[in-house]
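> Listed here are the chains, written in short residue letters.
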Amino acid sequence: MTSIPLSHVLVLALALFTIGAVGVMTRRNLLVVLMSIELMLNGANVAFLGFARWHGDSLAHAAVFIVMAVAAAEVSVGLALAMALFRHGRTVDVDRSTRLKG
Amino acid sequence: MSGELLAFYVLAGAAVAGALCVVLPPFGRNPLHAALALLATLAFVAGVFVILSAHLVAVLQVLVYVGAVMVLFTFVVLLLNLRREEFIGARVTPWKVGAVAAAAVFAVKTARAVVAAATGARAADLAAPGLETYGGIRDVGRELVTTYLFPFELTSILLLVAILGAVLIARRREGGAP
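Chains as they are written, first to last, in our numbering: chain R, 1 to 102; chain U, 1001 to 1178.
Hints in this document: simulated from the structure, not taken from any laboratory.
Take these hints with a grain of salt, some might be off.
Stretch-level coverage of chain R by chain U, calculated; a stretch enters the list once three of its residues show a Cβ under 8 angstroms from a Cβ in chain U [to be verified]:
| no. | segment |
| --- | --- |
| 1 | 54 to 68 |
| 2 | 82 to 90 |
Partial list, derived from the structure: chain U residues whose beta carbon lies under 8 angstroms from chain R [stated by the list, open to error]:
| no. | residue |
| --- | --- |
| 3 | Ala-1015 |
| 4 | Ala-1017 |
| 5 | Ala-1040 |
| 6 | Val-1071 |
| 7 | Leu-1072 |
| 8 | Phe-1073 |
| 9 | Lys-1096 |
| 10 | Gly-1098 |
| 11 | Ala-1103 |
| 12 | Tyr-1148 |
| 13 | Leu-1159 |
| 14 | Ile-1169 |
Ideal placement from N, C-alpha and C gives every residue a C-beta, glycine not left out.
If we strip away everything but chain R, and leave its shape as in the complex, we get (with noise of 0.2 angstroms):
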């Protein structure tokens, strides 16, 4: 049984990371900014698997298991935030949310 190149696992991992990283600087939207992160954490946590199934070592499901944790608090956070930024000037838009502009 032949098994997958290492390099085409990075490629979905950059492809996963890219997306992400065109969606954070061209969206305006703060919940798809948010949504485009966690792409861009998915992207990461791919690298770091295929990475460790490279070396025959799991040591790396467990970073992926905290990288998910903090995942789960940047959410959590960014939502509620969201909200109160909505409560405060009806829009979600980043380009509009310019209180703390010098």
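Knowing the structure of chain R, use the given hints to seat chain U on it.
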């Protein structure tokens, strides 16, 4: 082509297609559609994790992301009841230039990988994991409570702080201005 490789390509292609649906305007304009596309993407990525023999992480991906995180996203999207994001076309901002640069980096890297595969440079195959327990609860759990004990305990504090922060930030103030 083995079944494992074929399944990997199908799942990876579906994940990338779903990710594009999250980000690109025609489908992702409506935040609820973007959330559903993200749900599909994360489920496909969980499938990729299974192919990579990361069984525990795949289960956690479904429980944490596809379950909890997506429910949170969907609830907030429905709660805010947003209008469709109006699209201001032809706005060239530094961020868009950066996005194009990121896409270009991805294109170059992918092209290099494809050329390397086409010219017969042998790509490093993923080794089949030797142990039956690889990626299972026993292996990963042991790493978590030995090597990663301190980060693991910090995670619990992080989650506690996140819960408190989320409740405090999202709380509606009584009386007075919000």
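> Please go over all the hints and tell whether each is borne out by the structure.
Here is how each hint holds up against the structure:
1. Here's how the segment 54 to 68 of chain R fares: 12 of its residues keep a CB closer than 8 angstroms to some CB of chain U, so the rule of at least three is met and the hint holds.
2. Interface restraint, the segment 82 to 90 of chain R with chain U: holds (6 residues with C-beta to C-beta distance below 8 angstroms; minimum three).
3. Proximity of Ala-1015(U) to chain R holds as hinted, the smallest CB-CB distance being about 7 angstroms (cut-off 8 angstroms).
4. With its C-beta approaching chain R no nearer than about 10 angstroms, Ala-1017(U) sits outside the 8 angstroms limit, and its interface hint is violated.
5. The restraint placing Ala-1040(U) at the interface with chain R is violated, with a minimum CB-CB distance near 12 angstroms, outside the 8 angstroms limit.
6. Below 8 angstroms, beta-carbon pairs count as interface contacts, and Val-1071(U) has none with chain R, the closest being about 11 angstroms; its hint is therefore violated.
7. Checking Leu-1072(U) against chain R: minimum C-beta separation of about 6 angstroms stays under 8 angstroms; hint holds.
8. Because the beta carbon of Phe-1073(U) sits about 7 angstroms from the nearest beta carbon in chain R, less than 8 angstroms, this interface hint is met.
9. A hinted interface residue such as Lys-1096(U) counts as satisfied when its beta carbon comes closer than 8 angstroms to some beta carbon of chain R; here the least separation is about 6 angstroms, so the hint holds.
10. Using the Cβ-Cβ criterion of 8 angstroms, the hint placing Gly-1098(U) at the interface with chain R is satisfied: the shortest such distance is roughly 5 angstroms.
11. The beta carbon of Ala-1103(U) comes within 6 angstroms of a beta carbon in chain R, closer than 8 angstroms, and the hint placing it at the interface holds.
12. The beta carbon of Tyr-1148(U) is positioned within 8 angstroms of a beta carbon in chain R (closest approach about 5 angstroms), and the interface hint is therefore held.
13. Interface hint at Leu-1159(U): satisfied, since its Cβ lies 6 angstroms from the closest Cβ of chain R, which is below the 8 angstroms cut-off.
14. Because the beta carbon of Ile-1169(U) sits about 4 angstroms from the nearest beta carbon in chain R, less than 8 angstroms, this interface hint is met.
Checked against the numbered hints given earlier, this structure breaks hints 4, 5 and 6; the rest are met.
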